[in-house]
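Undergrad: Keeping the supplied structure of chain W fixed, place chain X upon it in accordance with the hints.
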Amino acid sequence: MTAGNSVSIPPDADLTEALQNAIHAALADQRPLEILGSGSKRFLGRESSGQRLDIGGHRGIVTYEPSELVMTARSGTPLAEIESLLGRHGQMLAFEPPHFGPGATLGGTVACNLAGPRRPYAGATRDFVLGTRVINGKGEILRFGGEVMKNVAGYDISRLMAGAMGTLGLLLEVSLKVLPAPRVEATLAFERDEPQALVDMNRCAGRPLPVSAAAWCAGVMYVRLSGSETGVAAACAELGGDEMLPDTALAFWDALKEQRLAAFSGEGVLWRLSLPPATGSLPLDAESVIDWGGAQRWLRTDEDAERVRWVAGEAGGHAVAFKDGDRQGSVFHPMGGVLMQLHRRVKDALDPHGLFNPGRMYAGL
Amino acid sequence: MSCPLPEIRVTSTVGKTEEELSRRRAELAARLGKQLPAGTLLTHEDELRPFECDALSAYRRQPLMVAMPRTVAEVQAVLRTCHDMAVPVVARGAGTGLSGGALPLEQGVLLNLSRMDQVLEVDVPNRLARVQPGVRNLHISERVAQHGLYYAPDPSSQIACSIGGNVAENAGGVHCLKYGLTVHNVASVEVVTIDGQHVRLGGPALDAPGYDLLALIHGSEGLLAVIVEVTVRLLPKPVYAQVAVAAFARVDAAGDAVASIIASGVLPAGLEMMDRGCIEAVNGFLDVGYPDCAGLVLCELDGTQAEVSSQIEAVSGILRDAGAVEVTVSRSEEERLRLWSGRKAAFPAVGRLAPDYYCMDGTIPRRHLARVLNEIKALSEHYRLSVVNVFHAGDGNMHPLILYDANREGELQRAEKLGGEILEACVAAGGTITGEHGVGIEKIDQMCVQFSPTELQQFHDLKAAFDPSGLLNPGKAVPTLARCAEFGAMHVHGGRLPFPDLERF
Numbered sequence: 006m007t008a009g010n011s012v013s014i015p016p017d018a019d020l021t022e023a024l025q026n027a028i029h030a031a032l033a034d035q036r037p038l039e040i041l042g043s044g045s046k047r048f049l050g051r052e053s054s055g056q057r058l059d060i061g062g063h064r065g066i067v068t069y070e071p072s073e074l075v076m077t078a079r080s081g082t083p084l085a086e087i088e089s090l091l092g093r094h095g096q097m098l099a100f101e102p103p104h105f106g107p108g109a110t111l112g113g114t115v116a117c118n119l120a121g122p123r124r125p126y127a128g129a130t131r132d133f134v135l136g137t138r139v140i141n142g143k144g145e146i147l148r149f150g151g152e153v154m155k156n157v158a159g160y161d162i163s164r165l166m167a168g169a170m171g172t173l174g175l176l177l178e179v180s181l182k183v184l185p186a187p188r189v190e191a192t193l194a195f196e197r198d199e200p201q202a203l204v205d206m207n208r209c210a211g212r213p214l215p216v217s218a219a220a221w222c223a224g225v226m227y228v229r230l231s232g233s234e235t236g237v238a239a240a241c242a243e244l245g246g247d248e249m250l251p252d253t254a255l256a257f258w259d260a261l262k263e264q265r266l267a268a269f270s271g272e273g274v275l276w277r278l279s280l281p282p283a284t285g286s287l288p289l290d291a292e293s294v295i296d297w298g299g300a301q302r303w304l305r306t307d308e309d310a311e312r313v314r315w316v317a318g319e320a321g322g323h324a325v326a327f328k329d330g331d332r333q334g335s336v337f338h339p340m341g342g343v344l345m346q347l348h349r350r351v352k353d354a355l356d357p358h359g360l361f362n363p364g365r366m367y368a369g370l
Numbered sequence: 440m441s442c443p444l445p446e447i448r449v450t451s452t453v454g455k456t457e458e459e460l461s462r463r464r465a466e467l468a469a470r471l472g473k474q475l476p477a478g479t480l481l482t483h484e485d486e487l488r489p490f491e492c493d494a495l496s497a498y499r500r501q502p503l504m505v506a507m508p509r510t511v512a513e514v515q516a517v518l519r520t521c522h523d524m525a526v527p528v529v530a531r532g533a534g535t536g537l538s539g540g541a542l543p544l545e546q547g548v549l550l551n552l553s554r555m556d557q558v559l560e561v562d563v564p565n566r567l568a569r570v571q572p573g574v575r576n577l578h579i580s581e582r583v584a585q586h587g588l589y590y591a592p593d594p595s596s597q598i599a600c601s602i603g604g605n606v607a608e609n610a611g612g613v614h615c616l617k618y619g620l621t622v623h624n625v626a627s628v629e630v631v632t633i634d635g636q637h638v639r640l641g642g643p644a645l646d647a648p649g650y651d652l653l654a655l656i657h658g659s660e661g662l663l664a665v666i667v668e669v670t671v672r673l674l675p676k677p678v679y680a681q682v683a684v685a686a687f688a689r690v691d692a693a694g695d696a697v698a699s700i701i702a703s704g705v706l707p708a709g710l711e712m713m714d715r716g717c718i719e720a721v722n723g724f725l726d727v728g729y730p731d732c733a734g735l736v737l738c739e740l741d742g743t744q745a746e747v748s749s750q751i752e753a754v755s756g757i758l759r760d761a762g763a764v765e766v767t768v769s770r771s772e773e774e775r776l777r778l779w780s781g782r783k784a785a786f787p788a789v790g791r792l793a794p795d796y797y798c799m800d801g802t803i804p805r806r807h808l809a810r811v812l813n814e815i816k817a818l819s820e821h822y823r824l825s826v827v828n829v830f831h832a833g834d835g836n837m838h839p840l841i842l843y844d845a846n847r848e849g850e851l852q853r854a855e856k857l858g859g860e861i862l863e864a865c866v867a868a869g870g871t872i873t874g875e876h877g878v879g880i881e882k883i884d885q886m887c888v889q890f891s892p893t894e895l896q897q898f899h900d901l902k903a904a905f906d907p908s909g910l911l912n913p914g915k916a917v918p919t920l921a922r923c924a925e926f927g928a929m930h931v932h933g934g935r936l937p938f939p940d941l942e943r944f
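Protein sequences, first through last, are from chains W and X. With the first sequence counted from 1, adding 5 to any position gets you my numbering. With the second sequence counted from 1, adding 439 to any position gets you my numbering.
Note that these hints are calculated values from the structure, not bench results. None of the values given here were measured: they were computed from a predicted structure. Misleading hints may appear alongside valid ones.
Just the calculated beta-carbon pair ranges, DEER-fashion [stated by the list, open to error]:
| hint | chain 1 | residue 1 | chain 2 | residue 2 | range |
| --- | --- | --- | --- | --- | --- |
| 1 | W | A33 | X | F926 | 55 to 63 Å |
| 2 | X | D562 | W | G271 | 30 to 38 Å |
| 3 | X | R488 | W | G92 | 56 to 64 Å |
| 4 | X | Y679 | W | Q201 | 28 to 36 Å |
| 5 | X | G756 | W | V204 | 40 to 48 Å |
| 6 | W | G92 | X | H586 | 31 to 39 Å |
| 7 | X | A924 | W | A33 | 23 to 31 Å |
| 8 | W | E52 | X | H586 | 43 to 51 Å |
| 9 | W | R47 | X | Q852 | 39 to 47 Å |
| 10 | W | P16 | X | S703 | 28 to 36 Å |
Restricting the straight-line Cα-Cα distance to at most 25 Å, the calculated cross-link-like pairs of lysine to aspartate or glutamate (DMTMM-like) are [to be verified]:
| hint | chain 1 | residue 1 | chain 2 | residue 2 |
| --- | --- | --- | --- | --- |
| 11 | X | K617 | X | D726 |
| 12 | W | K143 | W | E39 |
| 13 | X | K783 | X | D795 |
| 14 | W | K328 | W | D290 |
| 15 | X | K617 | X | E774 |
| 16 | X | K676 | W | E190 |
| 17 | X | K617 | W | E190 |
| 18 | X | K473 | X | E459 |
| 19 | X | K783 | X | D726 |
| 20 | X | K676 | W | E243 |
| 21 | X | K676 | W | D205 |
| 22 | W | K143 | X | D900 |
| 23 | W | K143 | W | D34 |
| 24 | X | K856 | X | D844 |
| 25 | W | K328 | W | D309 |
| 26 | X | K816 | X | E848 |
| 27 | W | K328 | W | D307 |
| 28 | X | K617 | W | E70 |
| 29 | W | K143 | X | D906 |
| 30 | X | K676 | W | E234 |
| 31 | X | K617 | W | E39 |
| 32 | X | K617 | W | E101 |
| 33 | X | K617 | W | E88 |
Every residue gets a Cβ at the ideal spot worked out from N, C-alpha and C, and that includes glycine.
Bound conformation, chain W alone:
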């Protein structure tokens, strides 16, 4: 492992039993829990009232078979450790997850289902989840899915865990499909206004080109191509634009993914709008940073939450008050009655006593 000089890495440990005991104890006392990895994404979602249950010590890569494109790790395993191991074998997590902190864990990443610039072209976290071992709200250890890519035995409870913000169960282990890392990548920059960039990014995505990311920020459209040397070279020649220096390009995509671009800071609420990618410029008072080829837009604004949600909803998408919003109120997009009722019943089926992260996603879930 590539440990930093001053960082001491705790040893791999299987804390399944301790975690199960903690859950049984919480059940006995009827005391809800807040499941926490490193806390790097603790800012996301509504405020949760439960008692902290740290899973950070439950860590370690359980199996990794490069030729099977599958990796299984305990939920507390740092993402950085996983990515570094995969990198040494020329592979990657193709959903390019944001870390939002040095200690980001696999469990938190899956629970939040966040994905980076490659998402529209490769898939989201949920698309790569093959199997999970979980503890449900009754304290039972259950295993769903597995380490194979095709598996339709039983309901896909593993994928359901992705993006559930820890409200349906405690993740013990996750098996992920991994992919070969591209041999070469090139990023092209184009001067574009926002409406034209949206048109161009979607035209690009509709053509058989090895596009792996498309973003727009402050008058510049960025298109990343990934693949073999000849494939990328041919696509670059076809698209034109200015090829960025590799290091500059790498830094740009990383800053976009980790929200270090200037546009992410400032006043107001940081909103995430998830939209059909070809949606035009938004009638809101702040400029967006566009990722996911138009499907994900970030903006800081003081505009009324209702209005931001209305704009997203009108376009067929939804809005999340990602950072610095009212964490007592609605963070995620409100859902209709039938859908909310289904959510409550699904929550009851997996966590009947409301033990895990109560209210983190929606009040009452």
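TA: For chain X alone, coordinates are given in the frame of chain W:
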């Protein structure tokens, strides 16, 4: 031919006399008849016969009646009425399913969705197609071809199977390794719950608020809700594809070659394998001229011409290094299609070897291929039935085909036993009993091997969240704990058998 069917108890009919059942049937027909247009409800025995089975024809049962709605409102009317009268409902698309998922119930309504077959909208800028559930898989790609787009998942029945069924089964195909399963290529579905509520899961953006109920619906085999609309994602059609076909003298060498290709960082669009029995069947069926060998690997690459041309050379080299005795690379589109034609005709070719065959669908970690193939061979000898193997090698999905003759006393039963043991061998190797065909009625006993009682109970609880009265496709996909106790199977956890050293057949 027929099999002893597992009994499915529908609480509403238990203890009812013939007379009561007949009165119920008349009442149901009258109530549905009032709400549905003429010709939408089939009740005569002759009309019902075509629906007595899906593509798993060994299991047959005549439904109480068949409803063939054309609109969401008609689906809602059927479900509300059935809910009201506690009548079970089995949804069916094109009836191409291989696990008996659409097998009717004698006291239930078969809800046939094949008349809902319209493409409602093609959204080219967002690369989406909104279609009704009865639209055929291949038809979507045909409709959007003019825009240079296509719908990627291509189950082998794609000419006939419908998209609603694809979602219900989470159908795969030969291009899953690179392009994913149905669940990776669907943006949203609209469903009707058993009490007639209409709700959309997912949406035209890349994600939706709340739990991923869209993922949960995929592969739920009609037990949670009825799918009435599907919005699929479309991809740009790759401009160029080439296939390399390699012959190996040993099956395990072929398996190693597959592993080497993946480890090299290439992501093939298709990666298939056939064993000797299958190659012989294909060569006897059509003039494809596959080399006579123990294992054949087909590796297809797609993308831009520049990309494919450079990679196909690399792949050919890997195949040769892995011990291939012969490697052929397609040099034209005609040749590519010809080289694939043998693989695509594998099932009909095998169909000529025996009056019947039984297709299994286990998936294993690829590194255990040689071991599982050996176990299959031993089982085949033990049960005195031939087995030939086709294999989606890229993703570990095996399709052992068990050859039998249903007209010979006891052969079907032997074939089923052999099939069951093959699936148990897959679970023991860390795999699963079904990769893409679904559990249905066929593999319901093997679910007891793959899952523990608490896991099965969790499935039942989740089912109840959507369908508290248990009226949607009861008796399929998830066995009751009582059934597992009767079946007496050992739950094999995490690939560890209780006594790994004991020989098992």
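Undergrad: Take the hints in turn and mark each one as holding or not.
TA: Here is what the structure says about each hint:
no., hint, verdict
1, W:A33 to X:F926: 55 to 63 Å, "violated, 35 Å"
2, X:D562 to W:G271: 30 to 38 Å, "holds, 34 Å"
3, X:R488 to W:G92: 56 to 64 Å, "holds, 60 Å"
4, X:Y679 to W:Q201: 28 to 36 Å, "holds, 29 Å"
5, X:G756 to W:V204: 40 to 48 Å, "holds, 42 Å"
6, W:G92 to X:H586: 31 to 39 Å, "holds, 37 Å"
7, X:A924 to W:A33: 23 to 31 Å, "holds, 30 Å"
8, W:E52 to X:H586: 43 to 51 Å, "holds, 46 Å"
9, W:R47 to X:Q852: 39 to 47 Å, "violated, 58 Å"
10, W:P16 to X:S703: 28 to 36 Å, "holds, 33 Å"
11, X:K617 to X:D726, "violated, 29 Å"
12, W:K143 to W:E39, "holds, 16 Å"
13, X:K783 to X:D795, "holds, 18 Å"
14, W:K328 to W:D290, "holds, 18 Å"
15, X:K617 to X:E774, "holds, 22 Å"
16, X:K676 to W:E190, "holds, 22 Å"
17, X:K617 to W:E190, "holds, 19 Å"
18, X:K473 to X:E459, "holds, 21 Å"
19, X:K783 to X:D726, "holds, 13 Å"
20, X:K676 to W:E243, "holds, 17 Å"
21, X:K676 to W:D205, "holds, 18 Å"
22, W:K143 to X:D900, "holds, 12 Å"
23, W:K143 to W:D34, "holds, 13 Å"
24, X:K856 to X:D844, "holds, 14 Å"
25, W:K328 to W:D309, "holds, 15 Å"
26, X:K816 to X:E848, "holds, 23 Å"
27, W:K328 to W:D307, "holds, 12 Å"
28, X:K617 to W:E70, "holds, 18 Å"
29, W:K143 to X:D906, "holds, 21 Å"
30, X:K676 to W:E234, "holds, 21 Å"
31, X:K617 to W:E39, "violated, 37 Å"
32, X:K617 to W:E101, "holds, 17 Å"
33, X:K617 to W:E88, "holds, 21 Å"
Of the numbered hints given earlier, the model fails hints 1, 9, 11, 31; all others are met.
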